[in-house]
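Using the hints provided, position chain B with the ligands relative to the given structure of chain A.
Line by line, the protein sequences are chains A and B. Quick note: to get this note's numbering, add 278 to the position in the first sequence (first position is 1). Quick note: to get this note's numbering, add 7 to the position in the second sequence (first position is 1).
There may be inaccurate statements among the hints.
The list that follows gives simulated cross-link-like pairs (lysine to any residue, SDA-like), each with its CA atoms no further than 25 Å apart [what the hints assert, rightly or not]:
#1 A/K437 to B/N312
#2 A/K437 to B/K124
#3 B/K14 to A/N479
#4 B/K124 to A/N479
Residues of chain B clear of chain A, computed beta-carbon distances all greater than 12 Å [to be verified]:
#5 K14
#6 S17
#7 D73
#8 P82
#9 N91
#10 C224
#11 D233
#12 K296
Read the hints as simulated data drawn from the structure, not as lab findings. We put the CB at the ideal spot given by N, CA and C, even for glycine.
These are the residues of each chain, in order.
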Amino acid sequence: MADKITVGYTHLSGCTGCTVALADNYGGLLTLLDKYVDLKYMPTLADARHIQKVDVSFVEGSVCINDKLAVEEIKETREKSAVVVALGGCACYGNITRFGRGGQQNQPQHEAYLPIGDLIKVDVYIPGCAPTPQMIRNVAVMAYLLLKGTKEQKDLATKFLTPLMKATETTSACFCDLMVKVINQSLCMGCGSCAAACPVNAITMEYGKPQGERDLCIKCGACYNQCPRAWYSFDVVDNYEAINEAIMAALQ
Amino acid sequence: MGAELGKYKSCVSARTTDKEILKFSQDGGIVTSLFGFALDTGIIDGAIVAANKEFYEKNPSKCILDNSNFEMIEPWRPIPAVVNTKAELLAAAGTKYNISPNVALLKEATRAFGLDKIGIVGTPCQMQAVRKAQLYPIGFRDVGASIALAVGIFCMENFPYQGILQLVEDHAAMKLDAVKKMEIGKGKFWVYGKRGQVVSLPLKVTHKYEQPGCHVCLDYVANLGDISTGSVGSPDGWSTVFVRSKIGDSVWAKAMAAGVFETQPIEKVKPGLELVTKLANEKITKNKKTLEGRATFGVGKALRNPYI
Ligand SMILES: Cc1cc2nc3c(=O)[nH]c(=O)nc-3n(C[C@H](O)[C@H](O)[C@H](O)COP(=O)(O)OP(=O)(O)OC[C@H]3O[C@@H](n4cnc5c(N)ncnc54)[C@H](O)[C@@H]3O)c2cc1C
Ligand code: SF4
Ligand code: SF4
Ligand code: SF4
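Bound-form chain A, shown alone (with noise of 0.2 Å):
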């Protein structure tokens, strides 16, 4: 297929977790590389590690606001991309690296991180520590169908994609979000999809409500956006099943 789009990734502070969930696809990345999308540049998977002008470019990390390269980089990366995808909990919310401090070794004046949204516009979020391999594999499916599709497709795609656009109004995520916008307004039906969502075990389901250690909650998000209660589209889910099979269908 000629018709690829051109794909960048940006690597900020971040643990290379997204990377590898990423590369996680296996069989999936090889074809989504060799059908769909021309990686221009990354750093561990593509010789090019310079920013360039793409249509879409996923960024993991966030951005250490005492890092001059840092903030350049993101700067550069929403300059020259079309689509703008915040890759993994710290892009979209800071997540762990909101515990820094500084003093670290080698660097220890670096003690400030902002999620990628403080400071650029971002169009996209996945959210997850780490993102699921399934997780990136559908949005990259459904970005290109949003770029390259035909009518239905596209509108598809921005079906998918609107809770993932909408999700970039917030720039910091908790335990807390289950507390305050679902549990607090009453929307909380007990399915317990955030409990097994969170990453570090950190809830438990008492007589059917999410109950956080929260001291243990790393900030990355994931509960909240797995939650039924915070955002769910009737258009979308209903069509789960062509939907897979749509999504299968052009990784063959």
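Relative to chain A, chain B with the ligands alone:
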């Protein structure tokens, strides 16, 4: 409306042919028999169900407890569990009218419990959670493709545990550990005691104890299950079954071929789909009103609407 019953390929009234299952099951034993059959034939290698304290006592490694001590677990409090045998399925059969967060085990089922092909039963909202987890697997790495059979159960509303406690012990004046079965049907909430006593409460007594999160729920018949089932629409002891997805179609056909169920055409039974449709519409209409009310709840301030 028209969409109130969701998409389905076929709908029948059905009952298990296994007499032993019927002794423990809530209605026609559809859920327990389907999982039993799927375990026997390798369609699934375990199922997430709602067990209880007695089950946990015998099989502590099959459940993940919340922060309660064992002594603190009350009768009729559901404990999500991963089961692998018919005996374990039977121990978890029957409806518990309070929240069993089955989806909380969905990831761990593929980890500590080692399942590659998971069965899961749940209310319509839990089926929504399962499908969101497949399409948007934000915190469900390597889980989506392992979901081999999701069985949805119809649901008008659920109750917090303490609501059931108050209904049974205060209103029906029975001890929870003396209760054999609870049921909602024919406009009443029924409590059956182990000694044979039966108490029924008018549904209007129960409404105030409902889980408030249920009042924005727009699905009655588990539209997103591979197969979904409930009592409404079918005669006593029988179940109404919707076969919905390709997976559901294939499993149902195999189970029928193996003689797991006896069926009657849904058109031939009373009260039939007419009642299911009516109740589904009532639930959806009422809860859409709640959502509208939330939009103008305060003075120029709305409550959040989760639906995009
Ligand atoms: C809260 C609630 C409300 C319901 N409301 C309706 C209704 O309005 N109309 C209607 O027709 N049917 C309703 N049902 C479904 C009905 O009560 C039966 O569960 C269903 O018909 C299955 O019966 P069965 O004999 O096939 O299942 P069984 O073979 O008895 O198996 C039932 C399965 O469901 C699991 N289970 C039990 N309680 C829960 C729970 N709280 N959450 C998740 N899983 C659970 C059990 O572990 C078991 O595996 C409701 C069920 C629940 C849990
Ligand atoms: S509770 Fe868990 S899932 Fe939620 S934000 Fe904290 S670490 Fe992430
Ligand atoms: S995922 Fe949302 S609805 Fe489900 S238990 Fe957690 S907070 Fe409640
Ligand atoms: S009424 Fe809806 S939200 Fe409440 S338990 Fe049933 S399916 Fe879940």
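A quick look at each hint next to the structure:
no.: 1; hint: A/K437 to B/N312; result: 17 Å, holds
no.: 2; hint: A/K437 to B/K124; result: 30 Å, violated
no.: 3; hint: B/K14 to A/N479; result: 36 Å, violated
no.: 4; hint: B/K124 to A/N479; result: 23 Å, holds
no.: 5; hint: K14; result: 8 Å, violated
no.: 6; hint: S17; result: 16 Å, holds
no.: 7; hint: D73; result: 5 Å, violated
no.: 8; hint: P82; result: 14 Å, holds
no.: 9; hint: N91; result: 20 Å, holds
no.: 10; hint: C224; result: 7 Å, violated
no.: 11; hint: D233; result: 9 Å, violated
no.: 12; hint: K296; result: 15 Å, holds
Violation of the numbered hints given earlier is confined to hints 2, 3, 5, 7, 10 and 11; the remaining hints are satisfied by the structure.
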